[in-house]
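Peer 1: Take the sequence shown: its position 510, counted from the start at 1, is 510 in UniProt numbering, and no numbers get skipped.
Hints may be right or wrong, so weigh each one.
[What the hints assert, rightly or not] What follows is a set of in silico ranges between Cβ atoms, one per label pair, in the way DEER data are often shown:
no., residue 1, residue 2, range
1, Glu538, Trp252, 23 to 31 Å
2, Gln31, Thr340, 55 to 63 Å
3, Asn197, Thr251, 26 to 34 Å
4, Leu580, Asp558, 32 to 40 Å
5, Asp345, Ala229, 34 to 42 Å
6, Trp252, Asp87, 43 to 51 Å
7, Asp87, Arg194, 55 to 63 Å
For the record, the hints were derived by calculation from the structure and aren't laboratory data. Keep in mind the model is a prediction, meaning the values are calculated, not measured. By construction, the Cβ of each residue, glycine as well, lies at the ideal position given by its N, Cα and C atoms.
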Amino acid sequence: MSSHPPNRLGKRRHSKACARCRGRKIRCDFQYPICGACSKAGATCLGFDPIHGVDKPRSAVSHLEQEVARLEIELGRVNDQPRNVSDIAREKVETLTSSLAMAILEPSFPPQKETKSPPLASAFFLSHSPVPYLNDPAPRNTRVVEPQERGNVPGSLFSIPRHIINVLLNHYCATYRPQYPAIEEPDLYKACNRVYNDTQPSAFDKFCVNITLAISMNTLIQSDKKRAAKATSVFWNTAVNQLDELGPSNTWEWLQSLQLLAHYGFLSPKDIDCSKCAAAATRLCLQLGLHHELPPSAKTELKPEELNTRRRLFWNAYSIDSAVNTVRCRPFIWPKSALTARFPDFESQSYQTLHVWLLRQIETEITLAMYHPSIATIDTLWGSSFDQWFTRIHERLKEWHQTIRQNIILTERIEFHELLFQCQILRLNRPSPRFPSPTEEMCRTSFQSSLALIKEFSFLDQKGKLFYLWHAAYYLVESGVCLLASIVSGMEFVGQERTQLGGENITTLITYIPKLPSLLWKVSNRWSDITPHASALESISFTVLEILEQWSVGGTIDGFIFYEIKQKLHKLSVFSPFPLDLQVPANDFIQHPALGPGDEFHTVLNDQPTEPDVAVSAFDAAYFIPSLPDPSLVLQDSSSIFPNAYNGEFGNAPVLDFSATDIEEILTSLSES
1 MSSHPPNRLG KRRHSKACAR CRGRKIRCDF QYPICGACSK AGATCLGFDP IHGVDKPRSA
61 VSHLEQEVAR LEIELGRVND QPRNVSDIAR EKVETLTSSL AMAILEPSFP PQKETKSPPL
121 ASAFFLSHSP VPYLNDPAPR NTRVVEPQER GNVPGSLFSI PRHIINVLLN HYCATYRPQY
181 PAIEEPDLYK ACNRVYNDTQ PSAFDKFCVN ITLAISMNTL IQSDKKRAAK ATSVFWNTAV
241 NQLDELGPSN TWEWLQSLQL LAHYGFLSPK DIDCSKCAAA ATRLCLQLGL HHELPPSAKT
301 ELKPEELNTR RRLFWNAYSI DSAVNTVRCR PFIWPKSALT ARFPDFESQS YQTLHVWLLR
361 QIETEITLAM YHPSIATIDT LWGSSFDQWF TRIHERLKEW HQTIRQNIIL TERIEFHELL
421 FQCQILRLNR PSPRFPSPTE EMCRTSFQSS LALIKEFSFL DQKGKLFYLW HAAYYLVESG
481 VCLLASIVSG MEFVGQERTQ LGGENITTLI TYIPKLPSLL WKVSNRWSDI TPHASALESI
541 SFTVLEILEQ WSVGGTIDGF IFYEIKQKLH KLSVFSPFPL DLQVPANDFI QHPALGPGDE
601 FHTVLNDQPT EPDVAVSAFD AAYFIPSLPD PSLVLQDSSS IFPNAYNGEF GNAPVLDFSA
661 TDIEEILTSL SES
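Given only the sequences and the hints, what does the whole structure look like? Please build it.
Peer 2: Pasting the structure below:
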């Protein structure tokens with residue numbers, strides 16, 4: 001027998017029968033909240049509180065509360081018991097059994113494909129950049145280009161005099177970096193110190209130093225093409241050799257590397273696919289959440305320079321991707337609620353970055369409005385009629401251009417501002433899907449702007465400043481096609497004295513028509529993928545030149561010749577360069593799709609809007625443009641839309657200063673190293 005006295009309180013049995021059944025001494029079925037007997041009799045079913053000796057209401061809630069309390073007591077007793085190895089093993093078996101049962105019983109779905117970024121050193125990125133449109137039946141080079149051999153790689157950077165390295169980096173930071181600020185200037189110099197002094201530099205240190213040196217060396221091609229190109233190739237190969245060690249684990253280095261690669265692709269499109277690098281950088285920004293402004297609580301945990309870095313990296317990636325699409329005349333739109341990130345706080349020396357980004361806004365808006373009207377509705381996106389928007393966009397473009405021209409620093413640092421300005425004037429006034437039949441004034445303006453582009457390219461070529469080959473190829477083809485189309489249209493219908501055409505002397509046109517294919521051939525010397533375009537444009541240019549000379553002296557041109565030229569020009573343009581009433585009949589030529597054959601339109605977010613009000617221009621003027629830091633940069637509104645921008649006089653090209661270092665000394669030092 002147990003030595004402990006019996007716990008009478010613990011053995012007391014409390015009847016769960018209701019008060020009515022207990023009083024009548026009948027069997028109770030213990031149903032809650034009312035037993036069966038009380039339910040049949042329509043009587044109130046009450047319980048009994050043995051502690052207080054009174055009746056109490058019966059309910060399922062109180063019953064469940066009692067059950068929970070009882071189970072908690074039992075669970076406590078189980079947990080207090082000592083556990084041995086068999087108990088632990090049994091628990092593991094039960095857990096695995098339960099997991100297996102859940103996996104079997106759960107509905108099965110096809111596994112989502114895991115998206116992994118290809119390595120930076122893969123052929124996905126190290127391939128040729130996309131070329132301008134060419135509807136040629138001849139086979140096109142669509143193969144994936146294997147990375148070039150990585151030769152001519154020096155053992156270290158300290159074989160080059162340090163002051164030469166500093167001169168090249170200073171030139172990059174002063175001229176190239178403000179256009180595409182992928183890396184902070186202090187960070188670049190710190191990385192250079194680690195690489196030059198061999199104090200445990202990282203792969204990213206070596207990469208960013210060498211690729212910025214390669215970018216900077218492009219400027220010296222004007223002085224000595226052979227030696228400068230060789231030095232550029234050495235720096236590039238050194239940078240490429242570091243890509244294998246740059247993994248996506250460090251997302252900040254990965255993002256900056258993509259932006260630097262895209263920038264280099266603009267200068268050397270045969271080495272890098274700038275479009276893939278730009279798109280990958282933007283998508284990485286989305287994954288990092290850089291497109292959203294941090295909440296106030298999170299901002300307090302970051303230093304101001306860290307917050308600015310987040311904003312700078314996002315808007316630089318966005319600007320590069322926007323440029324890649326607008327140069328190709330492709331739409332670049334985002335859902336309206338996608339972006340909340342602000343522009344970084346600009347200092348005075350960063351004005352040029354701000355103005356480059358402001359131009360990206362205008363370019364994106366023009367491309368979307370004029371060439372993809374089925375995607376965006378002007379009335380909805382910009383809150384005005386087309387005529388009002390068309391006038392205002394010209395004024396904004398003019399103000400941007402005047403701001404650059406009135407500031408010496410901006411004029412020198414954004415040295416291709418005239419090309420960028422004239423290209424947008426051309427795209428606003430040439431035939432487009434939004435305006436397939438432009439007015440006579442628009443036709444004259446597009447003719448003058450296309451000629452101005454050829455003049456400016458010729459001027460830059462004479463100065464040895466044809467650096468951005470990728471942009472040059474697209475703009476030369478587009479302006480050349482539009483110029484030749486305007487000349488053909490003028491010869492077809494003009495019945496006036498044949499000494500002028502479109503307000504230009506025939507002698508001027510005869511001078512610049514041969515320069516068009518010549519410029520494109522020079523681009524093809526450094527980017528062989530442009531050779532078919534140069535060949536096609538050369539054939540058309542000399543045909544137009546021949547009939548222009550014949551027409552200027554009163555000769556009669558067979559209409560079939562005009563017909564053939566129009567067909568050939570259509571093959572070089574995504575959008576018809578002729579007004580709607582002057583186009584070749586649709587059944588006589590291939591009507592090119594808006595994006596070219598094989599291209600698929602997609603936004604960065606893969607969210608093509610179906611309603612006009614869910615998408616806006618990439619830089620909504622009322623939403624994304626900050627106020628300028630310096631009020632003096634804001635120009636007064638002008639009633640005239642165009643300045644005197646078509647006289648062909650663009651001033652002297654800026655002299656790029658290498659801190660008084662002799663260019664010959666730089667090239668000699670690099671050659672000896």
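Peer 1: Are Asn197 and Thr251 spaced within 26 to 34 Å by their CB atoms?
Peer 2: Once the Cβ atoms are compared, 27 Å apart, the range 26 to 34 Å for Thr251 and Asn197 holds.
Peer 1: Evaluate the given range 34 to 42 Å for the C-beta pair formed by Asp345 and Ala229.
Peer 2: About 39 Å separates the Cβ atoms of Asp345 and Ala229, which means 34 to 42 Å holds.
Peer 1: Measuring from beta carbon to beta carbon, are Gln31 and Thr340 in 55 to 63 Å?
Peer 2: The hinted range 55 to 63 Å holds for Gln31 and Thr340, with Cβ atoms some 59 Å apart.
Peer 1: Quick check on a hinted range of 23 to 31 Å for Glu538 and Trp252, using CB atoms only.
Peer 2: 46 Å, violated
Peer 1: State, for the Cβ atoms of Trp252 and Asp87, whether the hinted interval 43 to 51 Å holds or is violated.
Peer 2: 49 Å, holds
Peer 1: Is it true that the C-beta distance of Asp87 to Arg194 lies inside 55 to 63 Å, as the hint says?
Peer 2: Roughly 57 Å apart at Cβ, these two residues keep to the hinted range, so it holds.
Peer 1: Note whether the CB distance of Leu580 and Asp558 lies within 32 to 40 Å or breaks it.
Peer 2: 24 Å Cβ-Cβ, so the 32 to 40 Å window is violated.
The structure fails hints 1 and 4 (numbered hints given earlier, in ascending order).
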